[in-house]
Amino acid sequence: MLHIYCPHCAEYRVETEFHAAGQAHIARPLDPEACSDQEWGEYLFFRKNPRGLHHELWVHAAGCRKFFNMTRDTQSYEIKEVYKVGEKPSVVDSPAQQKAMSMETVSEETVSGENMSGAQS
Amino acid sequence: MSDLNTMTAAESAATKAAVMDQLPSSEIEGQSPLHHADLLSLATQGPSTGGIHFREHKLLGHLTLRCNAENADQLAAVERVLGVGLPIQPLTSNESGDYSIRWLSPDEWLILVPGLEAFEIETKFRDEMPGHYSLVNSSGGSTVLELSGENVVELLQKATPIDLHLKAFPVGKVVSTLFAKSTTTMRRTGEQRFELVVRRSFSDYIWLWIQDASLEYGLVIEA
Ligand SMILES: [Zn+2]
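First to last, the protein sequences are chains A and B.
Residue numbers in the first sequence follow the working numbering, run continuously in steps of one, and reach 164 at the last position.
Residue numbers in the second sequence follow the working numbering, run continuously in steps of one, and reach 227 at the last position.
Isolated chain A (complex conformation):
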């Protein structure tokens, strides 16, 4: 059972009062009409599934019913921080890790794509 700090109620509550609502910081495209099918599909359906640090949206469902963000380690379940919607996380992957993550994404994409140079740069 996780013990989660609600930034709105300003106290710890048990996990059963909360619901996880998926990946945080998903920006809706400013001009949906101008999106390609791929851009729109990625916005709607594709989510990160990292092993390690993850920024998630949670809702205090049985309490104040407000949403907030959480930085959580998906491997150890350790909650690094909670912060309100609209705020930036202070715990983020180091630039090296971020680069490694984005390299992974690029090479995954290029398996089915044509341009192999992207994975090597």
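Hint data in this document are derived by calculation from the structure and do not stem from the laboratory.
Just to be clear, a hint being listed does not mean it is correct.
Label pairs and their in silico Cβ distance ranges [unchecked claim]: (1) A:Val134 with B:His169: 30 to 38 angstroms; (2) A:Asp116 with B:Val175: 37 to 45 angstroms; (3) A:Asp116 with B:Asp42: 50 to 58 angstroms; (4) B:Gly176 with A:Arg108: 19 to 27 angstroms; (5) A:Lys127 with B:Gln26: 32 to 40 angstroms; (6) B:Ile32 with A:Glu121: 51 to 59 angstroms; (7) B:Val23 with A:Glu85: 44 to 52 angstroms; (8) A:Cys78 with B:Gln93: 39 to 47 angstroms; (9) B:Val175 with A:Tyr120: 29 to 37 angstroms; (10) A:Arg108 with B:Gln161: 22 to 30 angstroms; (11) B:Tyr221 with A:Asp116: 39 to 47 angstroms; (12) B:Leu44 with A:Lys91: 58 to 66 angstroms.
Below are the SDA-like pairs computed for lysine to any residue, each with C-alpha atoms no more than 25 angstroms apart in a straight line [as the list claims (entries may be wrong)]: (13) A:Lys109 with B:Lys177; (14) A:Lys131 with A:Phe110; (15) A:Lys127 with B:Glu112; (16) A:Lys109 with B:Gly135; (17) B:Lys185 with B:Tyr209; (18) B:Lys185 with A:Leu45; (19) A:Lys109 with B:Gly89; (20) B:Lys171 with B:Gln196; (21) A:Lys109 with B:His136.
Which residues of chain A face chain B? A few of them, derived with a C-beta cut under 8 angstroms, are [said to hold, decoys possible]: (22) His51; (23) Glu54; (24) Val57; (25) Thr59; (26) Ala105; (27) Cys107; (28) Lys109.
All C-beta atoms, glycine included, are put in the ideal place defined by N, C-alpha and C.
Guided by the hints, dock chain B with the ligand onto chain A, whose structure is given.
Using the frame of chain A, we list chain B with the ligand on its own:
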């Protein structure tokens, strides 16, 4: 949070929301969610000693207010209408006479007033409140149950994961939480006295649950 709508009180009065007196006329008897339990008979015929005392504060006026806690004009208007200000600190409540206000979330409060005054107070709010806000009369949607007695904390501990120690849960504190697989807004009104706001549709279930859970302490019904 910023106010998109910065109407003055006079301007909002001109675009008045429809306010309806929800009380039935005098020929129809208002029935609380626990009407069928006939608490009055249980109070007169049931045991008079026990570790748990139970009472329904029925047919109160429940008003849900959503507004901006940083808007001084709105806070002042609430105080003009109710004679008591909104509790701004999380998990707190304010009380004055028959009126009580529970903090529900950073921009939402539950105001309890005597049932017969709900319409009048709602109307006053429409006249006084400036800016962008919402006030909903949700009286029919929930009821208030009061639990007290020397075993009340032990009883509640069976129902909720909240820490009920006086240090963690002082008199006046309000929490919305899980309660016996249902949910409630629970407020401590005394060292051994709590008020639960419960959903109408769950009130019978909670009433049955309380009877079962209080078997070992003895249940005294008050009416
Ligand atoms: Zn909360």
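Earlier hints that do not hold, by number: none
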